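> If you read the sequences in order, they're chains A and B. Heads up: take any position in the first sequence, counting from 1, add 25, and you land on my numbering. Heads up: take any position in the second sequence, counting from 1, add 508, and you land on my numbering.
Please note that the accuracy of each hint is not assured.
Derived contacts from chain A toward chain B, CB cut-off under 8 angstroms, selection only [claimed, not checked]:
no. : residue
1   : Pro241
2   : Arg244
3   : Ala245
4   : Arg274
5   : Val276
6   : Ala415
7   : Met416
8   : Val422
9   : Val423
10  : Leu426
11  : Pro429
Since the hints were made in silico from the structure, they are not lab data. These numbers were taken from a predicted model, which means no experiment stands behind them. Backbone N, C-alpha and C fix where the C-beta goes; we use that ideal spot for every residue, glycine too.
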Amino acid sequence: MSARDARYRRKLLILLSSATFFEGYDTFALPFVLSLVLADLGRSEQDAGIVRSITALGTVVAFVLAARADRVGRKRLLLVTIVGYTVATAATALAPGLIWLTATQFAAQVFLGAEWAVAITIVVEEFPRAHRGRALGIVTSMNTLGGIFVGVLAAIGLATLTPIGWRAFFLVGLIPLVLVARGRRSMLETERYEAVRAGDGSDRLDHTSLFEAWKPAFRATVLAVGLVTFFRFFVVSAGAFWWAYYAQREVGMSVSLSGLYLAAAGLVGAAGFLVAGRLMDRFGRKPVFLAYLAGALVFGTWTFQVREATLMLPVLCAGIFFGLGSVAMTSAFATEPFPTYVRSRAAAWCRNAFEVLGGVLGALTVGILGDHVSGPVGSIGDAMSLITVAMLPAAMVVCWLFVPETNGEDMVAMDEAVATA
Amino acid sequence: MRRGPTVVAVALVLLFACGGTQRPEGVAERWLSSLDQGAAGTPDRFGGDPAVQAANAVLPDWRTRDPGSLDRIEVGGAVVGGTAAAATADVPFRIESTDGEVVTGTVQEAPCDDGPDGGWCVHGAELGGAASAFDGSWSAGASGTDWVWAVAAAVLLCGLAVALLAVVTRRSARSPT
Chain A
26 MSARDARYRR KLLILLSSAT FFEGYDTFAL PFVLSLVLAD LGRSEQDAGI VRSITALGTV
86 VAFVLAARAD RVGRKRLLLV TIVGYTVATA ATALAPGLIW LTATQFAAQV FLGAEWAVAI
146 TIVVEEFPRA HRGRALGIVT SMNTLGGIFV GVLAAIGLAT LTPIGWRAFF LVGLIPLVLV
206 ARGRRSMLET ERYEAVRAGD GSDRLDHTSL FEAWKPAFRA TVLAVGLVTF FRFFVVSAGA
266 FWWAYYAQRE VGMSVSLSGL YLAAAGLVGA AGFLVAGRLM DRFGRKPVFL AYLAGALVFG
326 TWTFQVREAT LMLPVLCAGI FFGLGSVAMT SAFATEPFPT YVRSRAAAWC RNAFEVLGGV
386 LGALTVGILG DHVSGPVGSI GDAMSLITVA MLPAAMVVCW LFVPETNGED MVAMDEAVAT
446 A
Chain B
509 MRRGPTVVAV ALVLLFACGG TQRPEGVAER WLSSLDQGAA GTPDRFGGDP AVQAANAVLP
569 DWRTRDPGSL DRIEVGGAVV GGTAAAATAD VPFRIESTDG EVVTGTVQEA PCDDGPDGGW
629 CVHGAELGGA ASAFDGSWSA GASGTDWVWA VAAAVLLCGL AVALLAVVTR RSARSPT
């Protein structure tokens, strides 16, 4: 029996899913407990804004770590990032002050950002062509479920159930360490990575330069995929960041009802990833991505125009289904078109450089345009709808014209072509 | 070649410069939000002592309440009146706490004496009578022109992205690997 049989891939999927699950978990954990943290540590909202900005930079710095996977190997980097994250999150739970908390959450974001990129790369390299999309759908969907899990823990009152209060949320982040302890010995380096490193042409290939992904052979594809992820995440991240504010301040929904809606829509959103994964194996990455973005354009714009709480839930569910679900395809775009020796670096550029930048600028732009006191538009909902209309068509056009279809891409043939070139 | 970015930069500067006028509804909303911060609340930032006195009238226990105890904060469209020299703005509001307590009324604002140009300050608050004046949804929003600009921005972004990628693709094809 092959060492990489279906059972091994199932175990691998669990390990990789834990990586993306806790990326989603950590993204939402700090915002959820922020008011408790500020009260406990005696700090202001202004301090909280600074903490948020500094920790977000960790995802950008993660770029350098993620790119190391082409040099040190996927397995080693995945294990390093999981251990690094758990150490950082445990240290957060011990924070005596805000500077400590900022430093440890910054470190957690560095490890989580790299973990995501290497997890996606492993899926693409270890799963058979016919099942890659489905596996990508499962692994990426865990990110949303991680966010929902924070809400569940908050709803059951984790902070009040334990004597350590908000710190309990960060101790939950130790769970991946258990999975690593169990899966460390049985996990293998990816077959493609081993083959490329052992191949005759390996010495001629540059396994270290961060800019290898920008050499002429890959430049147009990195730029095209980068722009697609930038435009998409500009809208999706702004929508995720501002929806609760819009629902509470512009629609008149209560905090509790908006939280309930977000949890329900998050579950539907997770289904969006899984459906996308199956569809892209069957119909190809590009057609499914274009269909998803068309859905995100319609329902994303509509979500921020709804003024009735009853209509909000179905429209929000559809918006999240298409908007978040489309990340299954962008994960494929960021990895599948590139040969193994440079794949992690290309994925790191697309994710940690373009996507993160889009995320930061999107939320900022909507905040400036929609500011209730001085914004040119004066409404977060309308500002959000306007940028959805302005940005998503660009993602669709660039994908349609410049991103290669990679459904059924033969990684072995691609690597051989590079080695003999 | 440098004309495009310059035009975009000038357009952005004009866009934000045009957004200089302050909305009394936004000031009222922020003032009410400051009453939801417990001891950390700073309603005085929105008009000094008169704003604090108004806060005491709306929520007498705002300093000792738990932060986040207001489940809903709604403000309606402002009724701007008075003269050019002494403008006033009345903003209807409705707040609801997590235990179901509802307070409605009107926030009274006037131009700040020492605030930024066009800034509004809270001068007082009148309780009751505003519940039916609005439906709880936010009054400001995008104009038809804003939507046309959004569509134009979409066309511009598509054009710029396609042009950039066409150039990069052509140059990459010419370069040695």
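> Broken hints, numbered, in rising order?
11
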